[in-house]
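Trainee: Listed here are the chains, written in short residue letters.
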Amino acid sequence: MKWIKHLSGALLLAVAVPAAAALNIFACEPEWGALAKELGGDKVAVFTATTALQDPHHIEARPSLIARARSAELMVCTGAQLEIGWLPLLLTQSGNARIQLGRPGYFEAADYVATIEVPQVLDRSLGDVHPAGNPHLHLDPHNIVKVAQALTQRLAVLDPANTEYYRAQSKQFLARWQEAIARWEKQGSGLRDLPIVIHHKNLSYFIRWLKLREVGALEPRPGIPPSAGHLGELLARLQKQPAKAVVRAAYNDPRPAEWLAERAKIPVIAVPFTVGGSDKAKDLFGLFDDTLARLLAVVK
Amino acid sequence: MFKRNLTAAAVALAFPGAVLAQDADLSKIREEIKQMKGTYEQRIQALEQRAKTAESGAGKAESAFNPAVSLILQGTYANTSQDPNTFQITGFVPSGGEVGPPKRSFGLGETELVFSANIDPYFRGVAIAALTPENEVEVEEAYFQTLALGKGFTLKGGRFFSGIGYQNEIHQHAWDFQDAPLPYKAFLGGRLGQDGLQLRWVAPTPLFLELGAEASSGDQFPGSDRNKNGVGGGSVFGHLGGDIGSSYAWRAGLSYLRNSPQDRAYEDVDSLGGVVTNSFTGTAKLWIADAILKWAPDGNAARTNFKLQGEYFRFKQDGSLTYDDSGASAVFGTVTGPFSTDQSGWYAQGVWQFMPRWRAGYRYDQLRYGSVTNGIVNNGLGPTAADFPLLTNHSPSRNTAMIDWSPSEFSRLRVQYAADKSRIGVTDNQIIVQYILSLGAHGGHKF
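Protein chains in written order, with my numbering: chain D, 1 to 300; chain A, 1001 to 1447.
Here chain A stands alone, though its shape is the one from the complex (with noise of 0.2 Å):
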């Protein structure tokens, strides 16, 4: 105040006639000087703000171009009714994957480190390790991606997370439960993971239309390591998605993957006792679709949103199967037989955000037996039926529900209960409680 005061009283000096003759003009300079001042307040400022800038000094270390980096802190406390250990989804070939339930008491989940940056005006990189409980490091995901193809094009390399059905390409730290659906479990031991090239094209309509293809090793289930040239295993999927109005937002996905696998084996007990070996060579074929939809009042889910989500999986075998007791009972040793398998699954899980951090949901899912066409007991080479208890007509199904309560947008914490009938003739009671938390970079909010 006093400073304007004294600007105004020097102006007033310097033109002492025309202040009294022409107030208008007066006041038009005083509107000038005013307007000026504010103008040189603000550079000033502005140069206050861009030196405070230059002194964090983000641009002067090595480290600036440092990676992004986060790390997902994960664990539970687990009260199962059955033995996890004893976990199985009878009925289906087992997948291989680590699809029980965690451990008894306290566990630690996976701890996920994740590094990603642009390579260069071309490639982006992302990797991403899995330290689990066992104390092993996993390499989940470690991957390039283009930039600069355009045209709707992205080429990816290394190892990914398939970009078949829905919650496939989703982190687990993302899911809306602690665990996959049981299609997952049964069919892609959880998820399919690959070594391979994926291809996508995003069409350039306001309609959203993406294609992708993916050439792989095929060495994770269905497929098996199969050390041969060329391609194992591929894929193919399609997307659709767009608004129906400013609160709804959606997505539909058809997808198809075809393995060859060779000897994929898995250990049955026979019925005498004995571990046996079961080994499938042949192909498989998954298809997959998928849906999604999601609420948010006006498209905005900060107070309340809800998602609707369900996938159908068709899962075909067709080819032989080598029965194998020698390493046990030894009283068929090496059988072969025809082997076929028709079997489907799905799931559906609504979560809906009843209130700011507070969450609940349902799901449920449920595989189909459908039909095993086993040569072996059927045309009678000596094992019979009670030779593989696993694959005992058996069409499991699971209820979960779940609450959960994130504080901030980096910490969730779960209580979920689950009637699980994954195995014949009991249900185990589970109830997990799950934190999830998140350190460092920002991540991304994938649809």
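Next comes chain D alone, as it looks inside the complex (with noise of 0.2 Å):
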């Protein structure tokens, strides 16, 4: 059994590789790795696990985000089961106590907003129905406060030598951020009744939030892809009750869109949907800022 012997030698050896000083952030979707950059300034390491042209439903627990769940001491995610094909996998097996649910390090934006369409009727032939509401809770900027407020103190939990610096950060950030919000619903009055085709179920915070109208959605069931027959009924749907503008995120498939917006002669907008989904959205500020003005356009 010599070869155990090298194994554990080799073991420690890796072991004792020293920390960043840095507090490692894994964050599951760019908004929430934005989030965590603009509070924890240089005090942090962020990677973010997808972008902005990815399903954060449908990620596969990867090597690579294996391995950087291993090193992280935050988990930075959603929750409300919209990671529930990966996360847990990425939990179980990158043998890291410190992200485990329950544990400081393991934070879910979910657990400090009130989510919305919470189903009453759990059932899967109603598609891929999340038990815990609808999770793309981002995209309602007083959402953004409150986990703001929720991270600033975890940051503060994990790291508190640099508590006073992580309140700083925030207290900053959110004057920005209460500006900005003042300024997007100002402009944003103009979308007050905007009917919209959305693709799927994740612009519906959005929606609420300015009090836009969804007068319908390319996939069937959240979670079914769009079928021929569905865009037919839709399409025929739209002739008596008309849209403005099909609205996807960018990291849905055009196609279905472009079908519909084609021949119901509407517009098809890609909104970046998070940080990363458009030249324009490199932040927070951006990802709104940018939204706002390409749905803006249509109603101009």
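Nothing false has been slipped in among the hints.
In silico EDC-like links for lysine to aspartate or glutamate, alpha-carbon gap of 20 Å or less:
(1) K1285(A) with D1225(A)
(2) K1446(A) with D55(D)
(3) K1285(A) with D1318(A)
(4) K282(D) with D1298(A)
(5) K1446(A) with D128(D)
(6) K186(D) with D1025(A)
(7) K1034(A) with E185(D)
(8) K280(D) with D1298(A)
(9) K244(D) with E219(D)
(10) K1285(A) with D1342(A)
(11) K1037(A) with E179(D)
(12) K1037(A) with E185(D)
(13) K1103(A) with D1428(A)
(14) K146(D) with E179(D)
(15) K1034(A) with E179(D)
(16) K186(D) with E1031(A)
(17) K1307(A) with D55(D)
(18) K1028(A) with E185(D)
(19) K1446(A) with E1169(A)
(20) K37(D) with E164(D)
(21) K186(D) with E1041(A)
(22) K186(D) with E1032(A)
(23) K1446(A) with E1140(A)
(24) K211(D) with E1041(A)
(25) K146(D) with E1041(A)
(26) K244(D) with E262(D)
Don't read these hints as lab results, they were simulated from the structure.
Need the complex rebuilt from these two chains, each delivered in its own frame; the hints are there to steer you.
Mentor: Next up, the structure:
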């Protein structure tokens, strides 16, 4: 059993590598990566697991993600079962005790926000429904405020030496954010009652925030890919109840939206959905600025 | 609208003098009130939402702590040109697993019942029972796994699928073809599930590096039940993996498995047609090299993606074989001689999702007979090569193509065609239609 000796020697060596000074954050989605950077500044090192071009429902527990989860000191995820297909695997396969459920290193945004569209009936005939409600909660900027406050506290718990720094960062960010909300709500008043067709129920918080009107979805049920039959029905419905645009997230397949838009003679708006979803959505401010600009372009 | 006007009116009434004098102030107050109203509306909505969530009563009943439960339904319709009951992989010691094609006509696959939950802050528990079409219940996996060891270590104990190779740990319902590749069938009885302990360690590096070691009772093929104290089988494995840009992900691994089977028996037919029992005692060593590459544009697999997967196996046995025909022909009785094998096998498969819901795949697998040194035959102890028909020099191969359709993440229908040359001298043309449905808790998307 000589190899055991060699192996354990190698293991000890590898474990002894000193950890970096900055707090290691694993953000499940780009919006939380961006928020962690706003609040943590140079005291944190942020790894973002997904991009704006990926569907956060359908991610595999890839080796690269397990490796990053292994060294994470804080997981910042959406929760509400958005990451149910991959986050539990990362937790169990990373061998990282700090990020397990219930530990300070595990943070779910949905714990601090009242989710909407909580299903009264749980049945998969209704599609891939989330028992805890719609998880795409970052598109209401008021939710970002709540999550930012909670995340600031969490950063202070994990890295008490920098508590003051995180508080100052948070204060500064929230001041800018509140200002921006006022601006967006003013601009967004022009979107009130705008009838739109969506791809997936991933814009619900935005629609509710600025009181747009959702008149149809390309997916026949949440999580079920659009089918020709359903798109045909939707098109027929739009003849009676017209919409102004088809709005899809950057990661949604563009073809169903284009198919419908061409026939219904309305434009397709690809919104960034999250940070990195368009050239202008470089941070959380850019995300909302660009989303509003793209939608307002149709109204004018 | 009406409400807002009313509020404005109220404000106007409250400060009659100021209104006319200071328009700017009024609009400021209006704005503030509007904001307050907005905030309160949101708070009320939030409270309503909470009340609703509480109503659904998730936290009240005892059942709130029930483990996640899921059920996998599987079934087949099979059309095979050869009788599935005569299935064998000629040239290779039978592995004892259920490795043949499904029964002809309609047939039920294994119905899997999966339970999993965190036990406490320290352990997670998983149990998977397979209800077989023969109306038996098999414990496929039942293990605990540590959550709190930290430093990248995870200890698993109980019955579990070994971490060797790539496909071994993947459950049948997540396979890309209806059955296992030939080397898995020949060298591991379909797959290696064992009773024992497993320790894994993930390195704290951005590049994925994982090392693992297992100790087991070694009672599954290529081992056998030994009725001995101590460890009967052991394995070590290492995995490397990562991303190349945002569109590619890969993993490569090396594994080594060692077993010491004792009187591991299989039945064959001697030259007179009598049933003989051959039993092997010695050591069995298996090396596996595996690699998988996945592609999805920008890492978004929803519309289209491609998966390339391959594994190479080298299998060596060294020990003695006992030939026993006393139960039937009784020509030679019991004869024992030295026995060793050095065989190999590999497979490669590609699966392409060419549009949402639709995937097509192709697999080629092959076994190499290599060398089989049978001391009983070579040393002229009595029985000749004709008394060991299963060990006839033959290198099986197979071509498999499949196409599957998944209406949702929870259902899949598949049609598979295979030209299987596992048996010497014949090709078994198999057409298999299969369904795989999953009910209950959402399963994980394992890489």
